[in-house]
Amino acid sequence: MSTGVSGAPLLSIENLQVHFRTPDGVNRAVDGVSFAIQSGETLAIVGESGCGKSVTSMSILRLLPEPPARIAGAIKFEGRNLLDLPNSAMRKIRGNDISVIFQEPMTSLNPVLTVGRQIGETLRLHQGLGRREAEARAVEMLTLVGIPEPRRRVREYPHQLSGGMRQRVMIAIALACSPKLLIADEPTTALDVTIQAQILDLMRDLKARVGAAIMLITHDLGVVAEVADRVVVMYAGRKVEEAPVRDLFRAPRHPYTRGLMGAVPKLGAVEHGADARLAEIPGMVPSLKGRIEGCVFAGRCPDVTDLCRAYAPALEPKAPGHLAACHYAPKDALAA
Amino acid sequence: MTATVAPFSDSARQAGAPPEGAAPKAPPPGLAVAAPLPDVIPARKRRGPIWTYVRRNPTIVVGGVLLLVVFLMAVLAPWLGTVDPTALAPAKRTRVPSAQYWFGTDMLGRDVYSRVVYGARVSLLVGFSVAFLASIAGLAVGLVSGMVRWLDGIVMRVVDGMMSIPPILLAVALMALTRGSVQNVIVAITIAEIPRVARLVRGVVLSLREQPYVEAAVTTGTRMPAIIWRHILPNTLAPMTVQATYICASAMITEAILSFIGAGVPPSTPSWGNIMAEGRALWQVKFYIILFPAIFLSMTVLAVNLVGDGLRDALDPRMAKDV
Amino acid sequence: MLGYIGRRILATIPVMAVVGLFVFSLLYFAPGDPAAIIAGDQATPDDVARIRATLGLDRPFLVRFWEWSWQILHGDLGTSIFTNLPVTTMIGQRVQPTVSLMLVTLVFAIVVAVPLGVVAAWKAGSLIDRLVMGLAVMGFSVPVFVVGYVLAYVFALELGWLPVQGYTPIEQGLWPWFANLILPAVTLGLVYIALIARVTRATMLDVLSQDYVRTARAKGLAQGPVLFVHALKNAAVPIVTVIGIGIALLIGGAVVTETVFAIPGLGRLTVDAILRRDYPVIQGVVLLFSFVYVLVNLAIDLFYTVLDPRIRY
Chain U
1 MSTGVSGAPL LSIENLQVHF RTPDGVNRAV DGVSFAIQSG ETLAIVGESG CGKSVTSMSI
61 LRLLPEPPAR IAGAIKFEGR NLLDLPNSAM RKIRGNDISV IFQEPMTSLN PVLTVGRQIG
121 ETLRLHQGLG RREAEARAVE MLTLVGIPEP RRRVREYPHQ LSGGMRQRVM IAIALACSPK
181 LLIADEPTTA LDVTIQAQIL DLMRDLKARV GAAIMLITHD LGVVAEVADR VVVMYAGRKV
241 EEAPVRDLFR APRHPYTRGL MGAVPKLGAV EHGADARLAE IPGMVPSLKG RIEGCVFAGR
301 CPDVTDLCRA YAPALEPKAP GHLAACHYAP KDALAA
Chain C
1001 MTATVAPFSD SARQAGAPPE GAAPKAPPPG LAVAAPLPDV IPARKRRGPI WTYVRRNPTI
1061 VVGGVLLLVV FLMAVLAPWL GTVDPTALAP AKRTRVPSAQ YWFGTDMLGR DVYSRVVYGA
1121 RVSLLVGFSV AFLASIAGLA VGLVSGMVRW LDGIVMRVVD GMMSIPPILL AVALMALTRG
1181 SVQNVIVAIT IAEIPRVARL VRGVVLSLRE QPYVEAAVTT GTRMPAIIWR HILPNTLAPM
1241 TVQATYICAS AMITEAILSF IGAGVPPSTP SWGNIMAEGR ALWQVKFYII LFPAIFLSMT
1301 VLAVNLVGDG LRDALDPRMA KDV
Chain Y
2001 MLGYIGRRIL ATIPVMAVVG LFVFSLLYFA PGDPAAIIAG DQATPDDVAR IRATLGLDRP
2061 FLVRFWEWSW QILHGDLGTS IFTNLPVTTM IGQRVQPTVS LMLVTLVFAI VVAVPLGVVA
2121 AWKAGSLIDR LVMGLAVMGF SVPVFVVGYV LAYVFALELG WLPVQGYTPI EQGLWPWFAN
2181 LILPAVTLGL VYIALIARVT RATMLDVLSQ DYVRTARAKG LAQGPVLFVH ALKNAAVPIV
2241 TVIGIGIALL IGGAVVTETV FAIPGLGRLT VDAILRRDYP VIQGVVLLFS FVYVLVNLAI
2301 DLFYTVLDPR IRY
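Chains as they are written, first to last, in our numbering: chain U, 1 to 336; chain C, 1001 to 1323; chain Y, 2001 to 2313.
In silico DSS-like cross-links for lysine-lysine, where the CA-CA straight-line distance does not exceed 30 Å:
no., chain 1, residue 1, chain 2, residue 2
1, U, Lys76, U, Lys289
2, U, Lys76, U, Lys207
3, U, Lys92, Y, Lys2123
4, Y, Lys2233, U, Lys92
5, U, Lys76, U, Lys92
6, Y, Lys2123, U, Lys76
7, U, Lys207, U, Lys92
8, U, Lys289, Y, Lys2123
9, Y, Lys2233, Y, Lys2123
Selected chain U positions facing chain C (in silico; Cβ < 8 Å):
no., residue
10, Arg21
11, Val26
12, Gly32
13, Arg70
14, Pro313
15, Ala314
16, Glu316
Worth flagging that the hints you see were computed from the coordinates, not collected in a lab. Even for Gly, the Cβ is constructed at its ideal location relative to N, Cα and C.
Construct all of the structure, not just a fragment, from the sequences and the given hints.
The following block contains the structure:
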């Protein structure tokens, strides 16, 4: 896997803000997040649940209902700001240029439509295939994602498949049109450990074949270490750190990232599985209702000072390609 | 790549933050502070508590006010510029609405306005009596069915059978057995509505029986009445209140239908239904005889339904899914 | 599957038995002694008693119920007190208008209500949603005959677009038949629309928050297919259920609508029978309507397997 592909990024998110109107105030679910993904790259977005990583991914495809959501900033895909596109143009991108694998394979497939129909639908929509061709392609896709007896499975309904099989079907749907960007939102969280490994292998394998960039959303550092090129760490709706995967595991700059890694020793020594989950960090994620004064992590940070509580740290380069938002993060001389 | 400590780190640690409560001061020099982010959604103006209540429960407020007006009208009927609603005046038949006869007169010369105002009494009486009686009877049937297993099968077959007769038809058939009177109308509609309440109560009882705390109460030998009083009744109250409101609305409509087809309240007692029944023959030429009671009936039923919707949303948001 | 159908059909027997018992009691407890009526004014108590014995009216309740049921099962609903015609004949003469009215109403209501409910759920909280829901509350609140008279007054009397009252048999032409049914069907359909639209909205709200709807959107499907294929198919079971239950509303409403629009159907027959205390006819109509209602809901129950592949019996 290579990092740092030159040229304009495939996707660049600039100062994204996603706020929700709720009965008791405005929820600033994502507040000023920027990052970019190069073609063919795998970027992991890491953070606890509720940190805004899923909201970020949903806003890329504009799948959030507006209202209550309101989105500001820019989401540029191949140079076009997706937030400015009319709905019809946006629909041509969904499932075709950018597709998603959702967290819950058990509920993400439509229970009353056959598997074949659900895979073929994308092909008929974006590639103008007929019913027959679409079904034939669906069978091919099922073979590709390693489902035995694809000809029989294609006529079955989701409830007749196991969880791992359903996630394979989800991947088949997502990859049917050979997207340029695949957003995988916790693709393995709901699965058994053994199935998790299979699905990750499958994703890596297919990525190599299709050449898609992957935006992997997860809270599992083991998965990150295994598949990601670069990592963005999110906390309370902000990006607090971003680095190439090796640098991040070797020298995490933000205290939150260090906290996350508490239980995970070193890159390479990571054992994939349930044991590799995040360490507990004492304290609670701050409420996202209204503005947060000072550093968002101040409430849980072991090294917090009054300065942190008063002034929110800016994201600054601390090493080549390594950003962190902490007043006290160590800075490499090279970064200057 | 040797890591050096950020230039201001140590000094910043010592510099500290502005004193608590003070307005934010300019940050120490060299400190990289994130630019403040704009508000994407403008903050909403705060309003007074009454206005907030109205905004959040518009149906209850509107329905309640309307219902209060109808209620006052029924109670204060004699003082609202009415005349004897049963007084015949053959010489003044079918007068159009005027200053003297606000809603005109019917084919027997009776004042439609007075009849409509007095008619509110019948609608409210029937609506609330049926709601109350059907709730009590349905509660009893439902409790027995839910608590006594061997009876459940029999009771539910009867309830199923009763529910497969369309309620209006059931009430009509019952009215065929007796002569028309407000009392008989109430009884007939109540009988038609009982199965629905019984079903609801039985459902709640059955789901509660599975709850660990009720099971625990049963196994520790708590007596049945105590279980009903402590666990079952409090949990049935909310859905029953909502259902009673809807029963009240549907009873008002059923009364009007019964009276309208001539199987309900006799003409000697003015009710919105029988005023319209009498206007039926003349509807093509004297539409107002039907129009005024129709407006009052519709508004009153609407008020009750709005209160029901409001109660439903307020008492249990999950119930908002049901109709 | 076949076993389920069998069991389900068997389960309707006790239900119909309860209906039968109720309907029979109606006649049994009806005021007025048929024997006395037949005997006439000049009869002595002995005459009446003799006639009662010949008619079998002096035998126990359950025996008479059994005989009555036996008759019904052989298609004999008795004879009208008023016209002396067999009740089955009278019902047969009145079936067409009522069936026409109900079918037209059913189609009209479903075609209007389901899209309204879907759009209301899709635009939940919006002006359209509030309008639809407001309309639904109105539909529940304004009695059928009020709607009927207002519609007839405006569209038939004032504007003269449609016939005021009456019924034209379908044999006399499709359009005259249909034209006469438009106003009654709209009248009768309003409360039904309210019911279906509300349930559709509630079910769709639930379905639209499901993950698979998000998946469908993420595929790039347009709003239409997402709502009407992916979501509505999942909402079908509750909607079809309420359509079945709502038939009770239609039957009750038909009695009133036929009165307002002077349609010579079963509803009119019921009202006339009530006013004349023609108990055999009342019995027959109640029995028939309940039977149809039970049958329709049975059919709907069995239809679930088609709507949802997860349902297997």
